[in-house]
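S.K.: Listed below are the residues making up each chain.
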Amino acid sequence: MYLDFEKPIAELEAKLHDMHVLAKESNVDMSKEVKSLEGKILELKKETYSNLSRWQRVQLSRHPERPYTLDYIEGIATKFVELHGDRNVRDDKAMVGGFAEIDGESVMIIGHQKGRKTKERQLRNFGMANPEGYRKALRLMKLAEKFEKPIITLIDTPGAFPGLEAEERGQGEAIARNLKEMFMLKVPVICIIIGEGASGGALGIAIGDKVMMLENTWYSVISPESCSSILWRSWDHKEKAAEALKLTAQDMLKAKLIDGIVKEPLGGAHNDPQAMFKELKKVILEAIQELSPMKSKERIAMRIDKFSAMGAYVEK
Amino acid sequence: MSWYKRTEKGIVTPTEEKLEVPDGLWHQCPECKKIMQADEHSASSYVCPACGYHDRINSKEYFEILFDDNAFLELDENLSSGDPLKFIDSQPYPARVAASQKKTGLKDAVRSGYGKMNGSDVVIACMDFRFIGGSMGSVVGEKIARAIDYARKKKCPFIMISKSGGARMMEAGFSLMQMAKTSAKLALLDKEGLPYISILTDPTTGGVTASYAMLGDFNIAEPGSLIGFAGPRVIRETIGKDLPEGFQSAEFVLEHGFLDFIVDRREMKKKLADLLGMLK
Chain A
0 MYLDFEKPIA ELEAKLHDMH VLAKESNVDM SKEVKSLEGK ILELKKETYS NLSRWQRVQL
60 SRHPERPYTL DYIEGIATKF VELHGDRNVR DDKAMVGGFA EIDGESVMII GHQKGRKTKE
120 RQLRNFGMAN PEGYRKALRL MKLAEKFEKP IITLIDTPGA FPGLEAEERG QGEAIARNLK
180 EMFMLKVPVI CIIIGEGASG GALGIAIGDK VMMLENTWYS VISPESCSSI LWRSWDHKEK
240 AAEALKLTAQ DMLKAKLIDG IVKEPLGGAH NDPQAMFKEL KKVILEAIQE LSPMKSKERI
300 AMRIDKFSAM GAYVEK
Chain B
0 MSWYKRTEKG IVTPTEEKLE VPDGLWHQCP ECKKIMQADE HSASSYVCPA CGYHDRINSK
60 EYFEILFDDN AFLELDENLS SGDPLKFIDS QPYPARVAAS QKKTGLKDAV RSGYGKMNGS
120 DVVIACMDFR FIGGSMGSVV GEKIARAIDY ARKKKCPFIM ISKSGGARMM EAGFSLMQMA
180 KTSAKLALLD KEGLPYISIL TDPTTGGVTA SYAMLGDFNI AEPGSLIGFA GPRVIRETIG
240 KDLPEGFQSA EFVLEHGFLD FIVDRREMKK KLADLLGMLK
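Chains as they are written, first to last, in numbering that gives the first Met the number 0: chain A, 0 to 315; chain B, 0 to 279.
If you're looking for bench data, these hints aren't it; they were derived computationally from the structure.
Just so you know, not all the hints are guaranteed correct.
No farther apart than 16 Å at their CA atoms in a straight line, the calculated lysine to aspartate or glutamate pairs in the EDC-like style are these [claimed, not checked]:
{"id": "1", "chain 1": "A", "residue 1": "Lys239", "chain 2": "B", "residue 2": "Asp88"}
{"id": "2", "chain 1": "B", "residue 1": "Lys240", "chain 2": "A", "residue 2": "Glu285"}
{"id": "3", "chain 1": "A", "residue 1": "Lys255", "chain 2": "B", "residue 2": "Glu73"}
{"id": "4", "chain 1": "B", "residue 1": "Lys115", "chain 2": "B", "residue 2": "Glu73"}
{"id": "5", "chain 1": "A", "residue 1": "Lys296", "chain 2": "B", "residue 2": "Glu191"}
{"id": "6", "chain 1": "A", "residue 1": "Lys277", "chain 2": "A", "residue 2": "Glu164"}
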């Protein structure tokens, strides 16, 4: 599937495909032409993806073929035991987690889960967790703490679910509790935004020693659509809203609100999932290696100091 | 020929001087429409003596109600907003802040003070809804964080009075991280065994509910306050149905187990002091 701004690339790739078919059918050597077209496509891709607007990055972050949490776990871990339920209400399918093994290292991986087909999307509630999802996440984090295993959270949500029952069961309290508890976790916590990082629903599992964003993701207090509807009473100004919110990985790093950016393959994570898994695995293992030797007290102090320094104000 | 001749062209009265009745003499309850003397209204903590309706009040009034003799040391009063994102909608963000400062005489949407309540030391932070909807940006987050640090330094209880529409959109990512910052400081306060009382007033929603407002050792609300995470309009659009009567009211939130109790503002000071007294 191609996004609107990828149309020129799509056209060239269709041409390339035709060329291959023609060469095969007519048995003519077109390798020279193929090579030249391939070069042209690569150039165009490089140019397109190095000049993305903020809204285009938002589009990429929501690409329907993009890997989701369970895809990453499958691509990175050699073993995975999924754990369910918040021991209170029910198992929230929009939040998944369990113990995993990465290169012989045991870790706890927790993340929002979106679905790919209509039915699965509904099952996963479009990646919008209910309070029990946040409570399940906290339960798993406490388990990781008990067994002294690092925690990795993968963030990909259009927001915490704004439903009637979510309010009855204390959506605000559930997220708030996670924020406070995550600061005191004795084990290393590594948080990675792999798609959408919408507001409190994202932050609810994103308090960590290292918070990183994949190159084509967004993270902010509100989605561009909702921002547009509040400011201009319609969703039509989402591009403008995305620009105003400065919600890309590059923006967030510049504002010192995250610790790093994880490079994606050319064209986005979905264009070469294997390469993406390899890169993310490398980043995770490096972070664990860096954080593990520290004393838990130091890590907690560093985590608190880092978030305490965030803000822009003048004092006179 | 007209009966009267206007000697001056156009009569211009600045808005703040425009008064239908002399200011501060009379107050009409918006709920039961009873008219009372303003003195009577303020003496009953801005609660209607007839129907118990709690008028929305600001930090100035809450400080008057809670601090002994209204004596307190104001903390970090010189903090004001930056413009980290150069955010522009209908007007640039700094202009919006400046207009709100001019209108309200406040620097931002929260004030904090250190003083005595029934003879005991306490730090109180209180939000002002008049300032851009009581929204939480960097200044609100930083002032609350510092107020908590002050309570830790003085080893005294911290009381937070929330009244907010949530995070301030114009500071985007910065606003979001204030939820994290304030929660971090509350974790430290908690670890040091100091009491934290969160008072939720009308309205308390969004990122404020999803951080410090819900993290009290004691979560207490004023009667009838709107308290929730998502706003009623958003929920209505999500579920495609009308919301039940009383949904997201303080009484509803108490019923679902997220508040310790609801307190009449006229009893608030005594009840807080009684509670804190038992923890000593």
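S.K.: Quick check: which numbered hints come out false for this structure?
M.R.: 2, 3, 6
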